[in-house]
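Chemist: So the chains spell out like this:
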Amino acid sequence: MNSEFSFERLFGLIRKQWIENKKFYTLGSLALLGLMAISMIIFWVLMDGDNYMEAFAYNLYVIGLILAGSIYGSISFSILGSKEKGQYWLSFPASHTEKLITTIFFNVILFFIVYTLCFFVVKWGCQAYIENYIRTHKWASIRPMDWENGFGKIFYYIIWGYFCLQSLFILGSVYFKQFAFIKTVIFVTIIGGALSFLLAKLAINLFPDYNFYWNNLELREYHDPANYGVYKSYALGSTLSKVLGYLLTYSWVPLFWVITWFRLKEKEI
Amino acid sequence: MISIQNIHFRYKNKPVFTGLSLDLQPGHIYGLLGKNGTGKSTLLRLINGLLFPKEGKLNVLGYTPAKRQPDFLKQVFLVPEEFYLPNISINEFLKANTGFYPLFSAEQFNSYLGEFAIPRDQHLQEMSYGQKKKLLISFGLACNTPILLMDEPTNGLDIVSKSQFRKVMAGAVSEEKCILISTHQVKDLENLIDRITIIDEGGILFDQTIGTITNRLHFKISFDSEEVRSALYKETSLKGNAIILLNDEGEEGRLDLEMLYKAIISNKEAVQKAFK
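If you're matching them up, the sequences are chains A and B in order. Each residue of the first sequence is one higher than the one before, starting from 1 at the first, in the working numbering. Each residue of the second sequence is one higher than the one before, starting from 1001 at the first, in the working numbering.
Among these hints, one or two may not hold up.
List time: in silico BS3-like cross-link candidates among lysine-lysine, alpha-carbon distance up to 25 Å [stated by the list, open to error]: (1) A:Lys-83 to B:Lys-1035; (2) B:Lys-1035 to B:Lys-1162; (3) A:Lys-22 to A:Lys-85; (4) B:Lys-1057 to A:Lys-267; (5) B:Lys-1057 to A:Lys-183.
Over the 12 Å line for every Cβ pair with chain B, so calculated as not near, a few chain A residues [unchecked claim]: (6) Phe-24; (7) Asp-48; (8) Ile-75; (9) Gly-86; (10) Trp-124; (11) Gly-125; (12) Trp-147; (13) Asn-149; (14) Leu-199; (15) Lys-201; (16) Leu-219; (17) Val-258.
Note that these hints are calculated values from the structure, not bench results. Cβ atoms here follow ideal geometry from the backbone N, Cα and C, with glycine treated the same way.
Go ahead and model the full structure; you've got the sequences and the hints to work with.
Modeler: Right, dumping it as structure tokens:
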């Protein structure tokens, strides 16, 4: 048993979290299932016309996941906003790492699994109804999700983006004692907006005639605007671009978790 | 066991401790007294690692509390003045928490609950504030942590519960335990604590054992005007003048904690001189 991490303590902590919050989790899951059913029936079954698209159901899945996941993420450490609850939580004999992992287990992993299960249960019911409807109404149809193109192709990136966003909201819940969701939204909007503005301004001023391509993290200068085949290219090289690309894509979630861990260690109540 | 050396602490711009030093040993129940806002609760939270000193050294059982290591936290239990208990049954509460305190004794816990007359099968949501506090005190005691910190433990307890509390606490003292009780209700701790520490103006104003106090000071009711005049502290009542005198004759007497506290606050120099 290590002073910072032990599986025995971690499982004990997960068990404790479950015992103390099982009513909330059960009722929350049922509420999620109900809300999911209402949204899918209204927006997919009733409002999608007679030419149903499976992609629409997945659109609803993503929108709901981002909304519910961010809100749920922003209450992850709401316990620290209250002196009594914060004392109870911080003085409990487990390390910050174990406490953070337990929160991630319930608020990120379990939430995602429960949300996705709710979606598939509701979708299965709705799809059964739609297929039955199609059998009796010859003009009606359903188009399956195209996983190779468009929304289907970027679906998994959107899901990853959701995890980044949720991690940011979890971090926000440690920073802000009250109204963490709203404050994180405002903070992200202001900081994100200001950063985008600065970067855009910088790029325009430093490289006025260049275009940027994500593919190889490449800058291109077109000599002849009428002929896009003639250009000068500056790229970081395939390997470096790939590494940087992976880092830019996948580093956000662990980065936000690490910052959250440091914030927990520094937390005073 | 608890070594506090020259610690400084402030809330934003409000200084609370400016060089506080204190040494607490096992086998004692310490009474931490002081006016409102002098930092009694802050000191308990510093010892428990919920707050971090800005300067100075704080060592508890060989650990730095601010690191909040599990090995340290399982040896310290804090009963806060305002506390949180989850909305579950007593059995579930035990199931969720006892595994983290290696010396927890279910037998002791049941016995303390019995002393406090709390039904074992009750749900925490159905309990009053006082009952919840008694449950938390019972749990804290049954955890058998070497250090037990209590912040205003008798607040919210009725008269009967306060005497139950004194009885339970008296039975919980052991050579291995260091119990630190912060309170402003000094009467509730009479006959319980064996050392009194009073904090004021960012430091220790008074820190003596009960034995030393009764050796040096004599508490009595007097009608002798000469005696009253020479008293370190006096209070007039219908029964006569309650006074504190220097115990030059080595007389045995009963300590009145509340009077002592008032004497220290109102006539600090004279009382401190008596202990030099």
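Chemist: Please list, smallest to largest, the hint numbers that this structure does not respect.
Modeler: As far as the earlier hints go, 5, 6, 9 are violated by this structure, in ascending order.
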